[in-house]
Every structure is written in C-alpha cells, then in structure tokens.
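So the protein sequences, as listed, match chains U and S.
Take the first sequence: its position 124, counted from the start at 1, is 124 in the numbering used here, and no numbers get skipped.
Each number in the numbering used here corresponds to the 1-based position in the second sequence with 1000 added.
Check before you lean on any hint, since a few could be wrong.
[To be verified] For each label pair, taking beta carbons as the anchor points, the in silico distance ranges come out as: (1) K241/U x Q1139/S: 47 to 55 angstroms; (2) T156/U x Q1139/S: 21 to 29 angstroms; (3) K55/U x K1196/S: 48 to 56 angstroms; (4) E24/U x A1197/S: 35 to 43 angstroms.
It should be emphasised that the hints constitute simulated quantities derived from the structure, not laboratory data.
Even for Gly, the Cβ is constructed at its ideal location relative to N, Cα and C.
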Amino acid sequence: MSHQFSKNIIAGCGIGLRLDHFDEIEKTRPDIPWFEVLSDNYVLEGTSQRDYLNKIRKDYPVTFHGVGLSIGSTEPLNQNYLKRLKKLKDEVQPAWISDHLCWTSAHGIVTHDLIPLPYTKNVVKHIVDRILQVQDYLGEQLVIENVSSYLQFKTTEMSEWEFINEVTHQSDCRLLLDVNNIYVSAQNHNFDAEDYLFAMPAKRVAEIHLAGYEDRGTHLLDTHSRPVTKPVWELFEKAVKHVGDVPVLIEWDNDIPSLDRVIKESSKAKSIQQQVLSESI
Amino acid sequence: MKAQSDTNTNDLETLQNDFINAFFNHDKSAATKHVLGDDTLTAEQRLGIYSGSVHGILTQALGQTFPVCKSLVGDTFFDNMTKLFIDKYPPTTTVFAEYGNDLPLFLSTFDPVKDIPYFVDMARFEWARHAVYHNQNSQTIDFNKLAEVSEEQQALLSFKLSKTLHLIHSDFRIDDIWFAHQENSELKLEDIDLEKAVKLFIWKDEDTIKISLMSHTEEDSAYWDFLNVVSEETTLGDLAERFGEQLPEYLNQSIQSGWIRSFAIN
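Generate coordinates for the entire structure from the input sequences, incorporating the hints supplied.
Here's what the structure looks like:
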C-alpha cells in the first residue's frame, strides 16, 4: 500500500491529530509537516475513524503514540492490543510507534492513565525484557516517553534519569523526550530539571513533546489543556541545544482550541528550534 | 511471548494491585504504604491525585459517549453517577470506544435516576449510536452459497445481523427527546409526547448514523419481531416455525436492505 501514501519523513514541528480538527484538515489540507496519531483510537478495524486516518495518511507523514501498551505492568503483554496495533501499523505505516515509560493496566483493569514506576534495578530488567518482546513482535525499535509524575515510591533506588538511561540502553529503544513532563516532575519532586535534561541520551531522542500544564497550587498537573508555559519554552531551548535537530510535537488534548491556535503554537516551537540551531552552527 | 512474573516482579505486582484497589475500591491503605509523603502533600494526597485523574479521564470519556444523559442530569450529577459506575465496572479494554456498554445496565438499578423514566432507555439509545458508529461495517457474504447447504445443515443454520444496525424498543419517544437536545434543534422537549412507545432502527450509512422509526402497523411490527429474533441467532428451523409463509419475504427484505449480512451453521 505504500505507493499511495506520502513519504514518511518526520521533520520539523508537527501537531497531534485530533477529532475536533478532522473536518478542517480534510477540507483545507493545512501546511503541517506531520501528525502524531493517538493509535489506541484507531485500532478498531473498518471504522469511520480508521478510514479517515487512511485518507490523512495519503497526504501527511504520521507517527503513532499510544498509552495501551502498559510496558511497566506485571500482567502479561496484552496480545489483543499488540495484534491490533501491528495490524494498524502495517496498514498505515507510521514512521515510528511510541508509548510511555509507566504502567496503565494491571489485574485485568485498564486505568487509561499513566502511573509511574519505582525506579529499581529489578524494574529496569522487567521493562527491558518487555520492550525487547514488543520490538521483536513489531519488528522495529520502540520509542518510549518519559512521563509526568505526582508521587515517588519508597523503594526507588535511582533517579528517573538514571532509570531512563538504563532502560533505553539495555533495550536499545529510542526516546520521546517530553520537555513539559520533565518540568512538571521537577517542580513536583523538587529536583533540577536541567540535571534531568542534560543526563538524557541525546542520540536516542527521536522526538520532543511540548504541552501545557495546570498549576493546582500544591502541584503541577500535566493536562495538555493550555499553551506551553514560559519556563517550559526556556527548557525547550536547552533541550534543542542538547539533542540537536529532532522533530517536535505540540500536544493539546483537553480544552482543544482551533486548529489555527495549535498550528501557531507549533510555529513558535519551530521558530525557537531554528533560532537555537542557527546559533549553534 | 514469555511468561511475565518472577520473583523480581512480585513487589511490583503487589504495588500495582494495591494501586488498582485504591483507584476502584477506594481502599488506599495498602497503596499509600508504597508512596513517599512530604511537607507539601501526604502520601495519601499524592495517591489521590492519580485516583482523581483516573476517574476524571473515564468520566470525561463517558460524557462524550452519553452527552444527552449528561445534559438530562447536569454535569455534577453525571460525574458523581459515573464515578460509581466506573468503580463497579472498571474498564478492561484499552480502547475508549469499547467502554460504557454496561452503563444502561448499571442505571437500571440506580435509584437516583428513577425520576426520569426514560433515562435508562436514553443511555441504551446513546450507546447504540456510539456502537454503530465505531463498529466495523460487516462484510456481506455471498448468499448464493445458501443453495449449497444440505437439508440437515439447514436446521442448524442461523443468520447474523449487521454490526452497524441496532434495534431499540422504548416505551418513550427517546428519538425525539434525543433530537430535542441537539444544538440548534427546533424540537422542544415540552412539545414531545414523551410516553409514546417507539421501535427504532439505528444504523450506519457510510459515515452517517441514521435513525428510522418503525411504524406501528401489524405488518411492520411482525418484521421488527423477526429482526429481533434473528439477532438472537435463532436457527432457520425455528424461524420457519415462528414466521411461516412470511419468512422468505422477510429474509429477502432484510438481505436486500443489508440488515442481514451473513449466515453460520452452528
């Protein structure tokens, strides 16, 4: 089917493909370099949404982003989910598939939320084993995203950045570096966001995520409902210096504004990225 | 795929089960013991952020699937009601579109909505619309193959309705109530004869959800009953016994209209 799709080159600043913008995108075919697709919403075959995705794919490169893998769960990998994901991948041919370094389901129940893990050597071993199984099944490197967190575990033995380095190195997976998540977790757990950022394995970073959080007084909540904040833009500049020219994506999942507004946020990311890259030449 | 659990992950398995209990059974005692508290937030408060977030995500998803139900009772009532539903019927699927099937069943014994007599039927109606939209368009098989079925096999043969067709019978005019809640609708709730029973087809035509009202004539009622019996995968022998001379016409009509898409020999 590849001949009917656009070339899958992911470069520049893309945006998340959201239902609210379907009609406008289909009618106006806006100048957006690529879309990130929430793969879990498209795994059902023969649906209208799946048909829409295939239409979009003809004109735009896409990546997949999911929450259903539950890579940190202790229950067996969800075979039904993997089968559906692989079928969708074969049909749509995304540039890559990403999910989160956390767990979302256990005991047969799916929380649909990103629950953090204790950062221990045993958990590294467990996650690496599962990532290797998923990569083997999908036949490609997985891209794993760092999550925002609001709690830490008593049994944690290492920093989150040490944990990420161990997992990505041992499983040879790639990293989706969410700059907003670093900032949110740094504020919530009182560590220096730059310590985390500069410890990231730059060469493994496939993509950067940016989003907006809400300040709940006692903590920051990663809601993807606001524009990117000033301190996150500042951290993003440092991230670009650290990892170089990698694709950037604006996530906006709640209180979703007009397509123009999301594109404007994406343009701002592009402008900052280009400025930083030109200064570093 | 390898088996997952070994002694190295026992602690993690306990932690995850304790968290699931905290989220859906509201027993936070075991999960709290895993979490660090500090001067800003206690361990229980930090856990509570996730508990609230899990319920918030699921409540929001249910609100998108059942918007008229939400409108009928208001945001606060709906959120509190769905929190109870979520605890009783937590999701077992990774796909949001597959979650909510049990809400009408839950509501059928949920006394606080008894004052709105058509509320449970509205939930059934909204789930039907949602399911029809997200269900795969069934492939139509070649019905000429029916001629190859032996007489013995015919007794075991049953037909399958399209997955993009739902049949709803309600003692209330739920289709009009639903339309009255749509943006820019000229239909007003006060103008609807609420207690008028309806038999509805909810089906997908291309990407559009369509709602057709069955007339109350004896003929149409019999056809409606036929489709309902078919949906229970009744065998051809039992269909013939029940619908007699009408059966060939009903079968032809439902195959032509695409309501019946395939058959199976059990």
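Consistency of the hints with the structure:
no., hint, in the structure
1, K241/U x Q1139/S: 47 to 55 angstroms, "holds, 54 angstroms"
2, T156/U x Q1139/S: 21 to 29 angstroms, "violated, 51 angstroms"
3, K55/U x K1196/S: 48 to 56 angstroms, "violated, 41 angstroms"
4, E24/U x A1197/S: 35 to 43 angstroms, "holds, 41 angstroms"
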